[in-house]
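Note that the protein sequences, when read in sequence, are chains A and B.
For what it's worth, our numbering labels the leading residue of the first sequence as 1, then goes sequentially.
For what it's worth, our numbering labels the leading residue of the second sequence as 450, then goes sequentially.
Hint data in this document are derived by calculation from the structure and do not stem from the laboratory.
Wrong hints could be hidden among the right ones.
Claimed, not checked - DSSO-like mimics (lysine-lysine), calculated; alpha carbons at most 27 Å apart, straight line:
(1) B:K499 x A:K50
(2) A:K304 x B:K809
(3) B:K624 x B:K753
Said to hold, decoys possible - Reference excerpt, derived from the structure (chain A facing chain B, CB under 10 Å, subset only):
(4) Q59
(5) G66
(6) D68
Glycine included, each C-beta is placed from N, C-alpha and C at the ideal position.
What follows is the residue order along each chain.
2 protein chains.
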Amino acid sequence: MAATEATVMEKIVSLCKRRGFVFQSSEIYGGLGSVWDYGPLGVALKKNVKDRWWRAMVQARDDIEGLDAAILMHPKVWEASGHVAGFTDPLVDCRTCKSRFRADKIQESNCPQKPSKRPGEHTTCDLTEPRLFNLMFKTFMGPVEEQAAVVFLRPETAQGIYVNYLNVLQASRQKVPFGIAQIGKAFRNEITPGNFIFRTREFEQMEMQFFVEPGTDQEWFERWRQWRMQWHRDLGLTESRLRWHEHGEGELAHYAKAAYDIEYEFPFGWNEIEGVHNRTDFDLQRHQEHSGKKLEWFDQASGKRFLPYIVETSAGADRVTLTVLVDAYREEIVEGETRVVLGFHPTVAPIKAAVLPLMKKEGMPEVADQLYRALRARVPAFYDDSGAIGRRYRRQDEAGTPFCFTVDSETMADRTVTVRERDSMQQERISIDQVPAWVTERLAGSAAG
Amino acid sequence: MAATEATVMEKIVSLCKRRGFVFQSSEIYGGLGSVWDYGPLGVALKKNVKDRWWRAMVQARDDIEGLDAAILMHPKVWEASGHVAGFTDPLVDCRTCKSRFRADKIQESNCPQKPSKRPGEHTTCDLTEPRLFNLMFKTFMGPVEEQAAVVFLRPETAQGIYVNYLNVLQASRQKVPFGIAQIGKAFRNEITPGNFIFRTREFEQMEMQFFVEPGTDQEWFERWRQWRMQWHRDLGLTESRLRWHEHGEGELAHYAKAAYDIEYEFPFGWNEIEGVHNRTDFDLQRHQEHSGKKLEWFDQASGKRFLPYIVETSAGADRVTLTVLVDAYREEIVEGETRVVLGFHPTVAPIKAAVLPLMKKEGMPEVADQLYRALRARVPAFYDDSGAIGRRYRRQDEAGTPFCFTVDSETMADRTVTVRERDSMQQERISIDQVPAWVTERLAGSAAG
Chain A
1 MAATEATVME KIVSLCKRRG FVFQSSEIYG GLGSVWDYGP LGVALKKNVK DRWWRAMVQA
61 RDDIEGLDAA ILMHPKVWEA SGHVAGFTDP LVDCRTCKSR FRADKIQESN CPQKPSKRPG
121 EHTTCDLTEP RLFNLMFKTF MGPVEEQAAV VFLRPETAQG IYVNYLNVLQ ASRQKVPFGI
181 AQIGKAFRNE ITPGNFIFRT REFEQMEMQF FVEPGTDQEW FERWRQWRMQ WHRDLGLTES
241 RLRWHEHGEG ELAHYAKAAY DIEYEFPFGW NEIEGVHNRT DFDLQRHQEH SGKKLEWFDQ
301 ASGKRFLPYI VETSAGADRV TLTVLVDAYR EEIVEGETRV VLGFHPTVAP IKAAVLPLMK
361 KEGMPEVADQ LYRALRARVP AFYDDSGAIG RRYRRQDEAG TPFCFTVDSE TMADRTVTVR
421 ERDSMQQERI SIDQVPAWVT ERLAGSAAG
Chain B
450 MAATEATVME KIVSLCKRRG FVFQSSEIYG GLGSVWDYGP LGVALKKNVK DRWWRAMVQA
510 RDDIEGLDAA ILMHPKVWEA SGHVAGFTDP LVDCRTCKSR FRADKIQESN CPQKPSKRPG
570 EHTTCDLTEP RLFNLMFKTF MGPVEEQAAV VFLRPETAQG IYVNYLNVLQ ASRQKVPFGI
630 AQIGKAFRNE ITPGNFIFRT REFEQMEMQF FVEPGTDQEW FERWRQWRMQ WHRDLGLTES
690 RLRWHEHGEG ELAHYAKAAY DIEYEFPFGW NEIEGVHNRT DFDLQRHQEH SGKKLEWFDQ
750 ASGKRFLPYI VETSAGADRV TLTVLVDAYR EEIVEGETRV VLGFHPTVAP IKAAVLPLMK
810 KEGMPEVADQ LYRALRARVP AFYDDSGAIG RRYRRQDEAG TPFCFTVDSE TMADRTVTVR
870 ERDSMQQERI SIDQVPAWVT ERLAGSAAG
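Turn these sequences into a full structure, and let the hints guide you.
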């Protein structure tokens with residue numbers, strides 16, 4: 001990682017703490033490695049991302065149903081899925097420095113004792129042979145730690161969808177092709193988490209599994225690729241920082257016929273934020289075998305009976321939130337000073353509008369408070385009356401608030417306020433009574449984009 | 450439990466599966482004990498409950514901030530909170546039948562071998578002395594199961610708020626008194642879970658911790674009691690099935706100065722759905738001691754420095770969802786047939802409106818589809834064109850849909866549709882063009898209640 005790139009991430013992590021987007025977990029106890037908590041602005045930002053996904057995937061479509069399966073599942077699910085046998089990383093230990101590395105990533109790792117070197121590049125690092133470690137978190141259900149009670153924290157939400165697919169199909173009266181969408185936490189005991197909230201051991205997925213007739217799967221796969229890329233563009237992400245990565249033959253998972261990642265160019269390089277996979281009938285085959293339950297679909301219209309193929313779209317809620325943060329972050333020199341801006345798309349911005357009385361006198365606070373209350377009844381709004389007005393604008397720029405409304409002495413005379421737009425810093429005056437409708441209109445307009 | 454009461458719960462469980470509110474986890478593998486998955490209608494219902502709580506607690510108030518702390522936390526948090534030492538149940542084993550019971554609930558348990566008897570009431574049950582079992586789920590972070598890597602799945606979300614309180618205070622520029630609200634999963638290794646989604650090992654909490662100056666705590670405690678009870682009433686719950694239960698001296702937790710539960714009368718008896726607690730400064734004291742970090746607040750206006758007292762409101766998202774389901778469930782005899790209705794308050798109903806073309810011909814499906822699309826752009830709506838109209842009404846009654854709109858031959862002549870109201874079954878005709886506004890108005894009206 002180049003020095004300037006490290007600096008950008010450091011600045012974002014620091015801004016996230018200062019402004020209450022993301023805090024390190026258990027910070028007063030020295031923190032817990034690679035575990036993060038969302039603060040007031042972060043929880044609002046992430047909720048906006050998730051709600052936007054849920055609206056696009058479930059509420060705006062007739063052919064997708066929602067689901068919320070539990071994190072704890074029957075252990076046989078993970079035998080059938082292949083996770084018990086195959087969800088492993090090869091690890092090596094350094095006998096000298098006691099560090100642990102992924103054997104397949106050792107060329108990219110540094111030796112903690114000599115950070116300029118790769119492990120094994122100098123004599124003090126004496127590496128063991130690789131051993132396989134399962135990445136699933138294991139726990140015990142019921143009060144006794146015995147083998148029978150071992151359960152896993154799910155490493156992906158997808159399996160919760162597969163084992164419920166017939167129940168959903170019957171209860172919802174859907175027909176194949178149809179999909180099931182879910183947002184929920186998953187856990188992976190990664191040996192090398194990192195890059196802030198990009199790779200964490202506890203994370204939240206937004207997954208959709210679309211069940212189709214075999215033979216129509218590639219068609220649906222292409223459709224979903226287009227829809228999902230468009231969804232990310234509609235978040236306002238910079239076009240040139242998004243790209244497709246096709247899994248080559250060596251990369252393809254054993255269950256996949258075709259797989260593409262949507263990658264984003266982070267300061268630490270191009271990385272996956274969503275995968276679109278043609279999983280064939282691998283998963284339903286396995287669950288059919290392991291459970292002994294028929295999972296076929298009988299199509300009354302065509303008289304065909306088949307095991308559906310599955311097209312999966314799997315995005316990380318934390319990764320998309322990080323992408324939105326990174327893409328929005330910019331520094332500008334304005335009148336000789338550095339202005340830090342989070343240029344969020346208005347529909348994901350945690351605060352949509354701020355109301356700022358220029359002075360704490362001459363009736364301005366009362367008028368501003370009325371405006372604030374009228375706004376807050378419609379959208380998340382913020383009231384700030386402390387400090388110089390320029391400083392207050394900067395604070396809203398850092399929080400990513402698209403619109404600021406300033407109540408000043410002119411307001412008291414003619415009931416107009418200054419609207420200040422975050423990105424252009426342009427100001428105009430509008431009637432105070434029009435403000436709520438003005439904001440709602442701009443949010444509705446941007447949501448359609 | 451009386452037979453008729455068992456029957457009501459059985460009917461609700463069965464309806465929940467049939468209509469896609471709640472499925473048993475991993476059902477195709479025989480299920481996982483007391484773990485449940487939310488289906489399409491259930492996830493919508495629970496999301497409505499959670500969004501309503503979030504709106505009331507965070508978005509509609511200036512003095513409460515949102516938080517989303519991770520499930521995994523530093524193990525020292527649970528030493529400080531007292532959970533490592535004290536979050537235990539006393540268990541006894543029966544040496545004969547190998548069953549396990551909570552020693553303090555043994556008078557209410559039945560012997561699996563002779564279900565008419567209590568354990569110990571007959572000679573085949575030979576009970577061990579009680580032993581203490583910790584209720585926290587334990588797992589291992591990092592790939593090796595060694596003591597240093599033991600972490601717990603949080604048994605409550607509250608501690609995530611306490612350890613972040615200074616970070617939130619600083620980032621949000623709030624002042625005491627203020628609150629932090631959080632919705633998230635917690636895990637308890639209950640020995641006797643049960644009553645459907647009432648008591649489960651994995652569950653979701655809606656917790657708010659309000660930080661106040663010592664001496665003002667009882668005042669705030671009383672305020673929060675009133676506000677929280679009103680919130681449940683506003684969900685449309687039957688007034689006579691809600692009551693307060695005050696914790697007597699023997700019941701009070703060691704950290705609590707005063708505690709009241711909001712109880713609901715379920716078919717299986719009166720049970721807690723939310724607790725309101727005056728926790729004093731117990732939690733912040735403990736974290737201050739264990740972390741070595743000062744957690745005091747300095748109030749600039751008064752010049753006072755103090756460790757805030759905490760008033761907690763702690764509700765179960767699954768319990769409230771169950772309460773809404775149970776309270777809404779009713780059977781009526783209509784024209785000699787049983788009508789099953791989920792009489793949800795319109796703001797929590799998963800589907801707000803259904804559109805039903807009377808026949809699949811004469812242009813009715815096209816007109817109905819247009820109306821459906823106009824509705825769905827505003828609210829969750831459903832389209833159903835199959836089966837007799839009476840049957841379709843019954844299906845919507847079971848799903849709890851407040852309003853049905855039927856497109857018939859009159860519609861084709863004069864562009865009016867029949868509105869059929871779920872509870873009264875009254876029908877009236879309105880112009881098809883007015884329908885979306887008509888629905889939005891009724892939802893807005895009921896939300897204010």
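Hint-by-hint comparison with the structure:
A C-alpha spacing of about 14 Å is found between K499 (chain B) and K50 (chain A), which places the hinted pair at or below 27 Å, so the restraint holds. With a CA separation close to 25 Å, the supplied pair K304 (chain A) and K809 (chain B) stays within the 27 Å bound. A threshold of 27 Å between alpha carbons decides the hint, and for K624 (chain B) with K753 (chain B) the separation of about 13 Å falls inside it, so the pair holds. Taking 10 Å as the C-beta cut-off, the interface hint given for Q59 (chain A) holds, the closest approach to chain B being about 6 Å.
With a cut of 10 Å, the hint placing G66 (chain A) at the interface with chain B holds, because the nearest CB-to-CB distance is about 4 Å. Restraint check, D68 (chain A) versus chain B: the minimum CB separation of about 4 Å is within 10 Å; hint holds.
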